[in-house]
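Build out the structure end to end from the sequences listed, making use of the hints.
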Amino acid sequence: MPEDDDDIEEPRGGRELHDTAVALTRAYVVHPDLKTARKRRLPEHGLAEAVALAAALPGLDVLGSEVARLTKIQPGTLLGSGKVEELKVKFNELKIDLVLVDGTVGPVQQRNLEKEWGVKLLDRTGLILEIFADRARTREGVLQVELAALSYQRTRLVRAWTHLERQRGGFGFVGGPGETQIESDRRAIDDQVIRLKRQLDGVV
Numbered sequence: 595m596p597e598d599d600d601d602i603e604e605p606r607g608g609r610e611l612h613d614t615a616v617a618l619t620r621a622y623v624v625h626p627d628l629k630t631a632r633k634r635r636l637p638e639h640g641l642a643e644a645v646a647l648a649a650a651l652p653g654l655d656v657l658g659s660e661v662a663r664l665t666k667i668q669p670g671t672l673l674g675s676g677k678v679e680e681l682k683v684k685f686n687e688l689k690i691d692l693v694l695v696d697g698t699v700g701p702v703q704q705r706n707l708e709k710e711w712g713v714k715l716l717d718r719t720g721l722i723l724e725i726f727a728d729r730a731r732t733r734e735g736v737l738q739v740e741l742a743a744l745s746y747q748r749t750r751l752v753r754a755w756t757h758l759e760r761q762r763g764g765f766g767f768v769g770g771p772g773e774t775q776i777e778s779d780r781r782a783i784d785d786q787v788i789r790l791k792r793q794l795d796g797v798v
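Each residue of the sequence shown is one higher than the one before, starting from 595 at the first, in my numbering.
For the record, the hints were derived by calculation from the structure and aren't laboratory data. Quantities reported herein were computed from a predicted structural model and do not represent experimental measurements. Watch out, some of these pointers could steer you wrong.
EDC-like, lysine to aspartate or glutamate: derived pairs with alpha carbons at most 20 Å apart [stated by the list, open to error]: (1) 682 - 627; (2) 791 - 708; (3) 689 - 679; (4) 714 - 691; (5) 714 - 660; (6) 682 - 660; (7) 689 - 655; (8) 684 - 627; (9) 682 - 708; (10) 629 - 655; (11) 714 - 728; (12) 677 - 734; (13) 714 - 734; (14) 682 - 728; (15) 689 - 708.
Just the calculated beta-carbon pair ranges, DEER-fashion [stated by the list, open to error]: (16) 748 - 638: 17 to 27 Å; (17) 728 - 698: 17 to 27 Å; (18) 709 - 733: 33 to 43 Å; (19) 643 - 619: 17 to 27 Å.
Ideal Cβ positions, reconstructed from N, Cα and C, are used throughout, including at glycine.
What follows is the structure, given as structure tokens:
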């Protein structure tokens with residue numbers, strides 16, 4: 595006689611396996627829409643494309659998306675203060691880990707928004723690099739993506755202070771006395787770029 599469904603015991607650990615699956619990164623997509631920009635298409639179409647692009651990266655759970663309409667670009671935060679605060683509340687409610695901005699975000703803007711929102715932020719270029727890195731299969735492909743990522747990272751280096759920069763003392767370190775931290779970071783990235791180019795020459 596067939597057992598009643600209610601009497602069938604779930605295999606030990608079955609439910610736990612589902613509950614303890616690798617947590618997805620909780621993401622939110624923002625498509626900035628500058629009012630004065632000439633438009634070739636509706637911003638909603640651009641937003642849909644950005645969401646589809648985000649879906650191409652494994653491990654992301656896109657919990658929301660929206661068009662952020664701008665009258666002008668704010669040099670420090672891209673978006674106006676009211677919109678920044680509105681999104682901050684939304685991100686806290688949704689427990690967002692990663693914000694994807696469908697456009698170019700300057701290094702200072704990125705730093706300020708990450709600090710204000712308490713999340714990691716990627717602009718469109720950063721997202722595309724992540725997708726390339728995920729799909730790189732050959733040794734050459736991996737090196738090329740690393741090279742592109744380093745070049746991108748180098749442009750994101752910004753000073754943490756404007757008036758009082760952190761200085762390295764003159765104790766004979768590479769770069770000489772008074773080398774700022776940003777210069778040190780750029781030097782380290784440049785060294786990695788040279789190393790990767792040599793490796794690429796060896797595999798091409």
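Hint check:
1. 682 - 627: holds (19 Å)
2. 791 - 708: violated (32 Å)
3. 689 - 679: holds (15 Å)
4. 714 - 691: holds (6 Å)
5. 714 - 660: holds (18 Å)
6. 682 - 660: holds (14 Å)
7. 689 - 655: holds (12 Å)
8. 684 - 627: Holds: residue 684 and residue 627 sit about 19 Å apart, inside 20 Å.
9. 682 - 708: Satisfied, since the Cα-Cα distance of roughly 10 Å is no more than 20 Å.
10. 629 - 655: violated (29 Å)
11. 714 - 728: holds (18 Å)
12. 677 - 734: violated (42 Å)
13. 714 - 734: Outside the cut-off at roughly 29 Å; violated.
14. 682 - 728: violated (29 Å)
15. 689 - 708: holds (14 Å)
16. 748 - 638: 17 to 27 Å: At roughly 34 Å between Cβ atoms, residue 638 and residue 748 fall outside 17 to 27 Å, so the hint is violated.
17. 728 - 698: 17 to 27 Å: holds (22 Å)
18. 709 - 733: 33 to 43 Å: holds (37 Å)
19. 643 - 619: 17 to 27 Å: For residue 619 against residue 643, whose Cβ atoms are near 20 Å apart, the range 17 to 27 Å holds.
Checked against the numbered hints listed earlier, the structure breaks hints 2, 10, 12, 13, 14, 16; every other hint is satisfied.
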